[in-house]
Amino acid sequence: MLGLMSWLIRILLLAAVIGGVGVFHQWRQGLPLRVTLAAEKKVLLIGNGTEIETVDPHMATGAPEHRIISALFEGLVAPATDHPDKDGPGVAMSWDTPDFITWTFHLNPKAAWSDGMPLTADDFVYAYHRMLSPELAADYSEMLHLIHNASKFSHGELGSFDEVGVEAVDPHTLKIVLEGPAPYFPSMLKHYAWFPVPKHTVEQFGTMTERDTAWARPGNLVCNGAFTLKEWRINHYLSIEANPNYWDAERVRLKEIHFFPIEDYSAEERSFLDGQLHHTETVPLEKIAYYREKRPPFFHEDPQLVTEYYMFNVTKKPFDDKRVRQALSLTIDRETLINQVLKSGSVPAKGLVPPGAGEGYEGPDVLRFDPERARQLLAEAGYPGGKGIPEVDVLTNTSPSARVVAEFFQESWRKHLGLKITIRQQEWGVYLDSRRKKTYDISRAGWVGDYPDPYTFLAIWRSFDGNNDAGWDNPQFDKLMFDSEREPDARTRMGLLRQGEELFLEEMPGIPIYWRMQSHLIRSELIGWKPSLLEHRCYKVIDLDPTRTMDMLEAKTHP
Amino acid sequence: MIRFILSRLIQGIVVVTAVISITFLIMKAAPGGPFSKERNMPAYVQENLERIYGLDQPWYVQLGRNLKSFATLDLPVSFRLKGWTVGEIIAQGFPVSLTVGGWALLISILIGVPAGALAALRAGQFEDRATMAVATLGICIPSFVLGPLVALFFGLKLRWFNASGWYDSSDWVLPAMTLGIICSAAVARLTRSGLRETLLQDYVRTARAKGVAEKMIVMRHAFRLACMPLLNYLGPLAAGLVSGSFVTETVFQLPGLGRQFISSALHKDYTVAMGLAAFFAVLIVVFNLLVDILQAWLNPRIRLKDS
Amino acid sequence: MKANGGNAGGAPKSPGPWKAAWIRLQRQRTAMWALGFLALVVALCVGGPWLSPYTESQQNLDHVKEMPGWSHWMGTDQLGRDVATRILFGGRVSLLVGVVATAVAMVIGVVYGLISGFFGGRLDSAMMRLIDILYGFPFMAFIILISAVFGRNFILLFVAIGAVEWLTTARVVRAQVLGLKHQEFILASRVCGAGSGHILLRHLLPNVMGQVVIYASLTVPGVMLLEGVLSFLGLGVQPPSSSWGVLIQEGASNMETAPWLLFFPGVFFVMTLLALNTLGDGLRDALDPKTNREGS
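Residue numbers (our numbering), protein chains in the order written: chain A, 1 to 559; chain B, 1001 to 1307; chain C, 2001 to 2296.
If you are wondering where the hints come from, they were derived from the structure by calculation, not from laboratory data.
Covered by chain B, according to a simulated footprint, are these stretches of chain C (three or more residues, beta-carbon under 8 Å):
1) 2138-2149
2) 2212-2219
3) 2266-2277
C-beta atoms are modelled at their ideal positions from N, C-alpha and C, and glycine is treated no differently.
If we strip away everything but chain A, and leave its shape as in the complex, we get:
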């Protein structure tokens, strides 16, 4: 009898547990997705990669910062509403230039700071003064060096900022004089290095050139973009809300945007599938092919102005010989690497400058896979069958995909040229240091364009450029770049740049591998989002339509 009772109790307990789990399950299943609730409230949820360092436009350096700061601040020129890569009116309603050297910007009289203070030409002069001050030591101050005398000022060679080519003609007219003609100048102004900062707020929390003050913290920050900073919790999220004092405020559709710093690609993908994000920063490499084929409504691939390449330490034997460098480039089967191994959708590089970098620029198409010719070149250089070349040290960073690419090259160069390759994976900071100190033979590298012009990809190869880690020194190339900086005619200028690229590809101090394609997962509720080569986003035309929900349960089943 007692035994029966205890069994009964056990069975009842078990039933209660199972029932409880069942109720819990039903309850949880019925919960609406976070994205649906957010879309109804017009709150956009975006994955934003690495945690940002700051929202101060003058202190920032990275792409994640770019995506947030361009919502908080607005430069003279802003992404156009019809296409973010075009130049639309920002704080400046219009601009004109007779020679691409002297530029006059006509500021919108309605432009204001988020605290209601008017925004005038003086604010830009103040901002450029701050940005160029040696005491602030802004990372990107060099971007402003095409302004007349700016370089001298930031090197401390000029006593007064008055001699720098920026002038507030009147509160709504700003004149900028450049060192030379730059037809791409307006598109450059969309970069945050050129954004204004509010003097009254900056100086409320410190001096103009003081770093690490609290002015850009939530609660203090005053900005001039479509949104203002609401909250920022480190490694958690950063939220911004619509700015009622923005000059174009009635056009802004969204009420809030939440940026989530998610560094791990797979974690971001899971967040998306869990209905926590409307837009992901990226897609895990391993899953790209799957989403492209099986879930096309959610999958988007945007070309970027990014070239991924391997560079040689040309100061070291045998890579001081261009035939050796060419031979190594000729033995890389870019198509196979990208289509079979990485499956990333990136474009096999045909040259150094990616397509779309500069209107009217047609890059050369010379990169080939030709192991036969490579062996010949290597033999001509005095290393038949790789004999006489000591073990080659290939430097790369720590990501698994970087390792796969390096292993692919290792095998290609072994098979076709008989080279013995050691792969040295180094943690990011150490890897950068090795590159700078040139303690490598061949190194992985990548370059992100700052503005749509071939110059941004070519200038880093000038012999004196701070980013020329290959140690390549070619006077003819330097001359071409120098001439292009002073050439007023757009077509002739593009011709000079093309000659520069041809020279680069002939000398081959670096092997371009692919032009990056950025993949995103985007929910169907998100409308008005347009791809951009430089990840420019015109946030004010982006909207959420909760009725456009597409059944994501389908996308929840896993391969």
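Model the placement of chains B and C on the given structure of chain A, informed by the hints.
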């Protein structure tokens, strides 16, 4: 007792100072600085930055300055997160890590100790073999495999909890489960071996021979002693868990200290790395002190003055 | 000797504690099976690659991420390399790292813990605080430093791993010694005029070995996985070579699209560790001087 604790706390200060100093020196010695980016910085900017932050001074001056600011609790600002002080960063991250780590610790003890005890009492029998095989599996599964699996199943498939993120009050469940399962495996093995060893001790066998109920023996004598190795394992483990696990926080997108610790080391954010190392050292000192006190209390043969 | 070693118990003419342990171990069937399995794995990893038609680094780019099939029993990876061959090659590294690094950690930990616990007092305090310091400082920063300064170097890998893994062992051993050193048999030994060295080696060491073996069996999988992580940070195995740690790391990121990349290395890893743990348990029982008196 009080003298013992006081002397341990003084030793603790030495430990924390040493940890801060070693952290700083290691990071200083490694290549790259807090301002290294893929895009090289112009030389003049680099020089100005180093001057502004005093990075051009001799290392002992920099170390002294940092030690002073930690000693006076006037915590320095981060190099990376511009304008945030080390204190603010810890204050934001610690509650998250503490919640997840605390639950993980509890889960690992609640699963591990009974499982280990069962295995020890039925040594050599099926229960023992099965438990230990499962425990071995648990020890072998790395958190970067178990974490995504847990997120996929309980998050995406069943939709019981958010697959990642820190939104709802129940978001600690999946990460704590992941960590708890992994740690419980080791706890079970240590419990089994500790208990098994004490069950073979003379006085336990004497007690058994006298016919005292076995449960009583286990509870009263064996278990207290069996805890010794386990306790010494749990001390550092607890400190590690409540200060955050990098992998779990990454997989589940938690804004805890574990991610912050690794990223500060990778970005050469000296001040944050020193602050977090100091914080972790304090936890280690406290937990190991607790272990030593508990140990003396549980085992009359160990005297505190030995410790 | 061999046949009756076990029942001699604490008799003065008994074989040494180590030899007795080996004899006791031989009587445990499961432990011997585990030993046999481990021997098989080692033989496979050492000799297996010669039997394989593929090499570790041979890429077949037309057969990338292929499911397990006739030509590739365990499938191929993202570069079309044969997973089975890579597992066998990788096993060499992993087994070596697992055994050697764990042994290093255990030797340091045991010696440290014995000394600290036995001599006690200020020496003990100082030694334990040193452990606290080593627990506290950021391992990641340390790894970055040694990989930057010394590059990829196998010896350093052991040093790096050994530097962290012995800490808890030392604390566990010390706690054991603290509990043992006031026990009657130690005091008796002392009264008989035994020196410290004799007590440490003949009496304390055999008594702590049981726990050490268990702790070692917990350390091995951690060490092998850590090697995989470190390999991506520029320590550890040199690409294109692999280890189980590296394969599991790579497999984890392909878990959903190519599960075999995680499954097969995982199976080898878990099976080996299971055998190692079973052997560990057997060893623990065999090493414990008390076990044989139970007559179990």
